[in-house]
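Peer 1: Residue numbers (our numbering): 1 to 272.
Rather than coming from a laboratory, the hints here were simulated on the basis of the structure.
Quantities reported herein were computed from a predicted structural model and do not represent experimental measurements.
One or more of the hints may lead you astray.
Restraint ranges, calculated between C-beta atoms of paired labels, are given here [as the list claims (entries may be wrong)]:
1. L90 / S251: 33 to 39 Å
2. T12 / P144: 57 to 63 Å
3. T11 / G228: 33 to 39 Å
4. Q163 / D82: 34 to 40 Å
5. T12 / G114: 28 to 34 Å
6. S199 / T11: 18 to 24 Å
7. D82 / T142: 43 to 49 Å
8. F241 / C110: 34 to 40 Å
9. L159 / S251: 14 to 20 Å
10. E20 / D152: 37 to 43 Å
11. T249 / G114: 34 to 40 Å
12. P261 / N238: 30 to 36 Å
13. G88 / R42: 41 to 47 Å
14. C110 / V226: 22 to 28 Å
Idealized CB from N, CA, C, for every residue including glycine.
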Amino acid sequence: MSLDWLDRKVTTSAYLWRLERPDGVALGFTSHDRDLVIDGLRYRAAPGMVPSAIALSDSLDIDNIEIAGAMTSAAIAEADLDAGRWDGALLYISLVDWDQPDAAPLPLICGQFGEIIRSGDSFTVEMLGATSFLDEPIAPLTSPTCRAEFGDRQCKLSLHRYQQEGRIISVDGDEIGIEGLGGTAARFAFGSLRFLDGSNCGLSNAIVEGDGSVVRLADLPVQAVVAGTRVLLTEGCNKNFATCRDRFTNSINFRGEPYLPGNDLLTRYPGA
């Protein structure tokens with residue numbers, strides 16, 4: 001990769017932002033004053049979006065940065081921020097020679113959206129870099145319940161076996177009636193409901209409980225939920241060992257210590 005364009009007396013460099021939302025939408029922005037097409041993706045001119053200082057090194061320092069900007073693009077709408085469509089989005093920042101857009105860009109940093117702070121028509125996003133996981137505890141804390149997330153690489157169960165598509169037939173507050181459940185809604189407690197079409201398409205909401213053919217959501221999406229919308233239901237787990245053993249036959253992958261004595265063992269005495 002030739003980077004001779006970085007040594008010119010007159011700079012021709014521009015920042016590129018490639019954003020990939022969890023719902024599959026990919027967007028591109030550039031600090032240049034006109035649009036650029038790089039690898040088939042159009043990067044819209046957004047000179048108001050600027051990152052904080054980026055320092056590249058070969059150390060293991062946490063490489064979190066902040067990005068500030070104004071919601072001047074229709075692609076970053078206030079409604080989408082409120083709906084949570086940008087939560088957990090992936091972001092790739094690179095530097096490109098706008099005079100030679102076909103040349104390979106210089107990758108700077110990649111990571112995931114963290115906290116999003118809004119102030120009027122502007123926003124600030126904390127981006128968690130690839131080494132942000134080093135901030136996590138070296139060893140997990142013991143717990144009587146499972147520390148894995150249902151269907152992740154520690155749980156090792158395939159979520160496809162525990163998913164079912166349906167269609168909303170009724171809406172009563174946070175209670176959603178689903179066609180085709182046949183009275184099995186209870187197995188989706190602690191799971192999730194993902195909208196497959198409509199104004200909430202791509203968004204997921206946690207399921208608190210289920211009864212018959214009705215599931216109750218922890219929080220309703222910002223946009224109204226209407227009958228006829230297609231949804232994808234994913235079963236959940238209450239993280240108890242008995243559930244893992246009896247319902248999912250997955251006790252070998254249980255990530256908890258259900259029989260480890262707790263701190264109350266120190267306060268016990270004979271005859272208690």
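Peer 1: Could you check the structure against the hints above and give me the numbers of any it violates, in ascending order?
Peer 2: 3, 4, 6, 7, 10, 12, 13 and 14
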